[in-house]
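Based on these hints, arrange chain V on the given structure of chain L.
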Amino acid sequence: MKKVFEFPRLLKKNYFHYCPGCGHSIMHRIVAELIEEMGIRGKTLAVAPAGCAVLAYNYWDFDTVEAAHGRGAAMATGIKRCLKDRLVISYQGDGDLAAIGTSETIHAANRGERITIIFINNANYGMTGGQMAPTTLLDMRTTTSPLGRDPRNDGYPLHISEMLAMLPAVSYIERVALSSPKGIMKAKKAVRKAFRSQMNDEGFSLIEILSPCPTNWKKTPEQSWKWIDEVMAKEYAPGVIVDRRKEMEGAEPVEKEKEDAD
Amino acid sequence: MNKRLMRGNHVVAEAAIRAGCKCYFGYPITPQNEIGEYMAENLPKHKGRTFIQAESELAAINMALGAAITGARVMTSSSSPGISLKQEGISFMAGQEMPAVIVNMTRGGPGLGNIAPSQSDYFQATRGGGHGDYRTIVLGPNSLQELADLTFIAFDLADKYRNPVVILGDGLLGQMMEPVVFQDPIIESLPEKEWALTGAEGRPSRLSRSLILDTKEMEEHNWKLYRKYEVISKNEVRYEAVELEDAKMIMVAYGVAARIARGAIKRARREGIPIGLIRPITLWPFPMDFVRAAATNVSQFLVFEMNTGQMVEDVKLALEGRGNIHFYGRPGGAIPTPVELGWFISRHYYQSQKQGAMR
Numbered sequence: 000m001k002k003v004f005e006f007p008r009l010l011k012k013n014y015f016h017y018c019p020g021c022g023h024s025i026m027h028r029i030v031a032e033l034i035e036e037m038g039i040r041g042k043t044l045a046v047a048p049a050g051c052a053v054l055a056y057n058y059w060d061f062d063t064v065e066a067a068h069g070r071g072a073a074m075a076t077g078i079k080r081c082l083k084d085r086l087v088i089s090y091q092g093d094g095d096l097a098a099i100g101t102s103e104t105i106h107a108a109n110r111g112e113r114i115t116i117i118f119i120n121n122a123n124y125g126m127t128g129g130q131m132a133p134t135t136l137l138d139m140r141t142t143t144s145p146l147g148r149d150p151r152n153d154g155y156p157l158h159i160s161e162m163l164a165m166l167p168a169v170s171y172i173e174r175v176a177l178s179s180p181k182g183i184m185k186a187k188k189a190v191r192k193a194f195r196s197q198m199n200d201e202g203f204s205l206i207e208i209l210s211p212c213p214t215n216w217k218k219t220p221e222q223s224w225k226w227i228d229e230v231m232a233k234e235y236a237p238g239v240i241v242d243r244r245k246e247m248e249g250a251e252p253v254e255k256e257k258e259d260a261d
Numbered sequence: 000m001n002k003r004l005m006r007g008n009h010v011v012a013e014a015a016i017r018a019g020c021k022c023y024f025g026y027p028i029t030p031q032n033e034i035g036e037y038m039a040e041n042l043p044k045h046k047g048r049t050f051i052q053a054e055s056e057l058a059a060i061n062m063a064l065g066a067a068i069t070g071a072r073v074m075t076s077s078s079s080p081g082i083s084l085k086q087e088g089i090s091f092m093a094g095q096e097m098p099a100v101i102v103n104m105t106r107g108g109p110g111l112g113n114i115a116p117s118q119s120d121y122f123q124a125t126r127g128g129g130h131g132d133y134r135t136i137v138l139g140p141n142s143l144q145e146l147a148d149l150t151f152i153a154f155d156l157a158d159k160y161r162n163p164v165v166i167l168g169d170g171l172l173g174q175m176m177e178p179v180v181f182q183d184p185i186i187e188s189l190p191e192k193e194w195a196l197t198g199a200e201g202r203p204s205r206l207s208r209s210l211i212l213d214t215k216e217m218e219e220h221n222w223k224l225y226r227k228y229e230v231i232s233k234n235e236v237r238y239e240a241v242e243l244e245d246a247k248m249i250m251v252a253y254g255v256a257a258r259i260a261r262g263a264i265k266r267a268r269r270e271g272i273p274i275g276l277i278r279p280i281t282l283w284p285f286p287m288d289f290v291r292a293a294a295t296n297v298s299q300f301l302v303f304e305m306n307t308g309q310m311v312e313d314v315k316l317a318l319e320g321r322g323n324i325h326f327y328g329r330p331g332g333a334i335p336t337p338v339e340l341g342w343f344i345s346r347h348y349y350q351s352q353k354q355g356a357m358r
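Going line by line, the protein sequences match chains L and V.
Read in numbering that gives the first Met the number 0, the first sequence has 14 at position 15, and its numbers run on one by one without any break.
Read in numbering that gives the first Met the number 0, the second sequence has 341 at position 342, and its numbers run on one by one without any break.
So here's chain V without its partners, still in its complex pose:
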């Protein structure tokens, strides 16, 4: 297995091809254009695989839904404004229980915003995003190696639960370069899905729909989806815990923000501040139980996000009042240095100590 130096957008595309992604449909938007470009060049090299530059994000997500219905592994990607356009289709995927992988290399918002990295789409990704009572599995990689690995996992989770999976990156993850090792071999064929619509040859006809006019049936469909989400919440939580053993303070951060947090924590530890990190990898399902359990020994929680405070709400929900939460955010594409974040850590550490608030 070769180590390769690659750009994040190329990594997710290459990993998808290796994971057996049969179709990619996308529409250009910065900062994720290299995904479509890589797919255009490399996906058709594999027999029977298709790249289409769609006429819009609406078309792209619905092409993806069409491909998913035939049982194919399919991916689409975009950045914030484009992901907003895809939400209708994602809602249909959730309703029809169709697997697909959707990559969001988030940029600053709202509106057109800018093309700088941001974590402003956390709410949109983790709360469903479109209309209706549904959830998407949301993965938040913090390195290109993890991006490669999670892309494989995203396709598996999508198929396992027949649910759309969102890879929530940002412009930084998409544009930066790091060494990556990919899983081998490239998946060229996958077992047929017994629910797929492929033509009713020698079997009863099948249908896929999200319209259920009967209220009783629709309620049951919603509960069925809910039960599936409960199973996912129970089985698929992923997180990384760093230096929690002796920690008196815990920082919670995800994605590239967690990379900055690691740097800040290293500096703080050098200063003698016992601080650890919880890094949710699945943003939905959020590691609720783990964060709550951490509050047994620690009362001070710091939350850092590259937005004005979105994941911090999940931390609050997880803690159920068991700890004090201090938030630090940089929205709109600003990226703080570990030094800046270090000040935030030490300020709250010494304040809490002074107030006797430390557990």
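Only chain L is shown next, with the shape it has when bound in the complex:
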């Protein structure tokens, strides 16, 4: 009988500490599956953030280091410049990347660092208990925007992916939503494109993941998926934000069939 589903070989057999319905466990699995499928465990280094995903190394069975809050892109830069043929992943949340680490992120992208950032956007600071993030939607209630996000006081939702897309050294940015099996498959496809782009030495890549946070959103996992589609995706439209892979110097032709395989 053909095996159609199994435990990813690059996930350690530890129970996820994430809340039920959280997007992190799905993304951890996707990253582990891709590295296994691409056969590059021995060439992969991941940077875990300060935030809910800080314990990523409890699950990923490849070399993983943890960064100070916001410094993932800088640390990934240091790693990649020493090990130029490795896949270097910086896995970051929206507080980490869009607030305290904005500078590191923009400049890593602008230098065209051959790294891939997995950007988990759940519109709040998850680990510290659901505070307002730069990505929090207008009128959205969090513990530090108890009456809803007020643009006069708190500014507007920050569109990091669109901002980074302006930079010429960026090869690939896509936004996906973990709100359905289809969205999950799309997320995996997008991350594969980004990993390939990095390994082809094309430029900086980032995949933004609209990711459910049922606990802090005070919703059930099902309601959270619905909320992503009906509310969050209106502010942050899923889709390819920028794709310069073919224009990039030294870029190899994109392997069309393989990419469309799933």
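Errors might be hidden in some of the hints.
Said to hold, decoys possible - Simulated crosslink set (DSSO-like; lysine-lysine; CA at most 30 Å straight-line):
no. : chain 1 : residue 1 : chain 2 : residue 2
1   : V       : K353      : V       : K223
2   : L       : K42       : V       : K44
3   : L       : K12       : V       : K215
4   : L       : K83       : V       : K159
5   : L       : K11       : L       : K245
6   : L       : K217      : L       : K245
7   : L       : K11       : V       : K223
8   : V       : K215      : L       : K11
9   : L       : K12       : L       : K218
10  : L       : K188      : L       : K233
11  : L       : K233      : L       : K181
12  : L       : K42       : V       : K159
13  : L       : K11       : V       : K192
14  : L       : K12       : V       : K192
15  : L       : K181      : L       : K2
16  : L       : K245      : V       : K46
17  : L       : K42       : V       : K192
18  : V       : K227      : V       : K192
19  : L       : K1        : L       : K245
20  : V       : K315      : L       : K42
21  : V       : K192      : L       : K83
22  : V       : K215      : V       : K265
23  : L       : K83       : V       : K44
24  : V       : K247      : V       : K159
25  : V       : K215      : L       : K83
It is worth saying that the hints were derived from the structure and are not from the lab.
Quick look at chain V alone, frame taken from chain L:
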């Protein structure tokens, strides 16, 4: 081996390249800009080596940490305000036990201060500097030849103990020119570090972290670091002792302040004042035992620093009340002449003599 006339900032950069420094990450700040400029020009001439002008000191120190994790020799440099920004990263390096060399060409503070030479960052350097219970090895060169030699030693100590090492200079050391002879040959490759994260090819995966949520484990980690610091304190103390044999008074000074002290002592000796010098080279670990032992024969200690009194606390800790300490300081970038310091010496010598306080 050729003798070359060079500026201090160029010396530390050239010595780092020769010591096998693979990556340099820095952000411009006076008075150490020539380090980054020299690295930008010369580091990429060596295969596989990288210079990046980072977007901030925060980015620079974290790039350095990233490079250190792969097992590379790495250096970053800055001056006082920039070093404050790097402290978070240095704390992470200490927690993750990652080797790196950090150069501080200190300037006057607090705040933006000025760009004149100062020793105002002694506390910051020798007490860890960032958050958490940790130490960095701190080297305080007083000449450009010593700066060159200590840069090699800094990389070795960093690797040997898996700990960040601070080279604590100042604007004077960075800007002045002196003849220097460098060690040969240039180190192009180094043995692989068995703990480095390079990709888990044919081996179990590795991790590097400073987050340890379990209290028991975290306490053990802190004790483990402490034991390492104890070993460093025992094995790595360096100092220079000058004319202590017949000394009735001892001056303690480090870095370029010790150069001024040498001049003042020479003048005092000519006047017939029997004074010697203890110059700590490692500021942490401080030569506690040596300073304490010196108090067997001498009761009068003079401490001179280009600040309002920081190392003097270590001298007090070392002496444990065994001697009288007189402090002379010039903060904010002021540099006294040997003549000025000579007055301080003779005043205390004759006063102590009069009071019968001399041992």
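- Message: Check the structure against each numbered hint from earlier and tell me which ones fail, lowest number first.
- Response: Hints 1, 5, 6, 19, 20, 22, 24, 25 contradicted; others consistent.
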